[in-house]
Structures are given as structure tokens and as C-alpha cells.
Amino acid sequence: NAGVTQTPKFQVLKTGQSMTLQCAQDMNHEYMSWYRQDPGMGLRLIHYSVGAGITDQGEVPNGYNVSRSTTEDFPLRLLSAAPSQTSVYFCASSYGSGLNQPQHFGDGTRLSIL
Amino acid sequence: SQQGEEDPQALSIQEGENATMNCSYKTSINNLQWYRQNSGRGLVHLILIRSNEREKHSGRLRVTLDTSKKSSSLLITASRAADTASYFCATDAHGRQGGSEKLVFGKGTKLTVNP
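Protein chains in written order, with our numbering: chain A, 1 to 114; chain B, 115 to 229.
Calculated from the structure, these hints are not laboratory results. Idealized CB from N, CA, C, for every residue including glycine. Treat the hints with caution; some may be incorrect.
Straight-line C-alpha distance at most 27 angstroms; calculated DSSO-like pairs for lysine-lysine [what the hints assert, rightly or not]: (1) B:140 x B:221; (2) A:9 x B:184; (3) B:224 x A:9; (4) B:183 x B:140; (5) B:140 x B:184; (6) B:183 x B:224.
Covered by chain B, according to a simulated footprint, are these stretches of chain A (three or more residues, beta-carbon under 8 angstroms) [claimed, not checked]: (7) 35-45; (8) 102-112.
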């Protein structure tokens, strides 16, 4: 199993550009989520999904969109990148729709906005 | 916010010593999890402890939970240089679907184990 795969691993954008961070898992997990990690801030939840067709906002959703059309994929879209979105982004997945299961994390996408 | 807060922020010890990290949280939880993150990598799950459990072991790891004090501790015994990493606690929080749907992380403890 590949687990949770995030692409790209690194990306540099200019302010105002758009892009999609990809996240795919091959474990048939229902729950998927996106976090951003900034120095000294720990991980902050951006959006999450408890199953295909269902998404909800986390702590810091502004500037990001998500969709969940399949169980396997949970892309994160930046519509108009801002320097404040420079961060490391992690996708995670787990069994079930609750949080009584371990989360499996990808290795992250390092995003710089100039 | 139901965020867990780890203490200390940084910890430096010698190989063979024990390392203890603490986590405090603000409101009632169903479970608490500990994760490890090596530099430049994603988080790896270590242990999940439920609110009705007081202690859990996994190899050299021991986790305790005191719901009356809203705190947890992670003990790594006989530490090794390979244990050098950041350690995070995470607690569950309710979402709009009514169930426990959000995992909220603390800021982490950076552990350095010197050979």
C-alpha cells in the first residue's frame, strides 16, 4: 500500500496564482483532512471530510476550497494564493467517520508564495 | 478552542535517559492521541488513549491520562538518538455533524536525544 500520497512535494507560487494540492489514499478510509503547519503554531485544521460528498470547515478555512467526489481523493484548492499561505500542508486519513482511530499522514507539500 | 498544549516546548537529554512530555487540554474529550514527527516528514501515530483509560503502554512508550486534571503525559524510557523528533498530542472535538469529527493538535515538544 502507498498509504497517503501528497503531490507535489514542493511548490513556489506567485501571489494571486491558483493551484491544487493533491491528496490520495489507497486504504479506503472514510475520513480525510488537511492541515497546515507553521513554525511555532503546530498543526491547524483547514478542512475535513467524513466521507465522499461531505466536507466541513476546520480552524483556518479562509482562502481554501475542498471537494470529495471519491473516497480516495481529497484535493485542496488555493484560488488566489497569498504570502500568508506559505506553509507546509499535510493531508491525513483514517477509518470511520470519527476520530477514535489513528490518523495516517502524508509527507507534506511545502508551499512558498512570493 | 480545545487545543492541547504540550510542555515543555523543547527537551534535550542524553541517550539512555527517560523523556517525559506533558499535554494539557481545555474541555472534555473522548480520546487523546500522541504523534511523532521527524524533521521534514509527516506525523506518525504513536498511541491513542480513550477517556476511560488511565494508562497505556507500547514498547518503550507509556502514556497516562488524567481526565480530572485534563492532562496527559508521554514517557519514553531508555531514550535513543533515533527518538529525536517533535511529539504532538491531539484531542478530538465535535463538528457540525454532531459527532467527534475534528482532531486538534498542540504545538508540540521538540525532543533532542544526544548520543
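Okay, the hints, checked on the actual structure:
no.: 1; hint: B:140 x B:221; in the structure: holds (14 angstroms)
no.: 2; hint: A:9 x B:184; in the structure: violated (37 angstroms)
no.: 3; hint: B:224 x A:9; in the structure: holds (23 angstroms)
no.: 4; hint: B:183 x B:140; in the structure: holds (10 angstroms)
no.: 5; hint: B:140 x B:184; in the structure: holds (7 angstroms)
no.: 6; hint: B:183 x B:224; in the structure: holds (23 angstroms)
no.: 7; hint: 35-45; in the structure: holds (count 7)
no.: 8; hint: 102-112; in the structure: holds (count 7)
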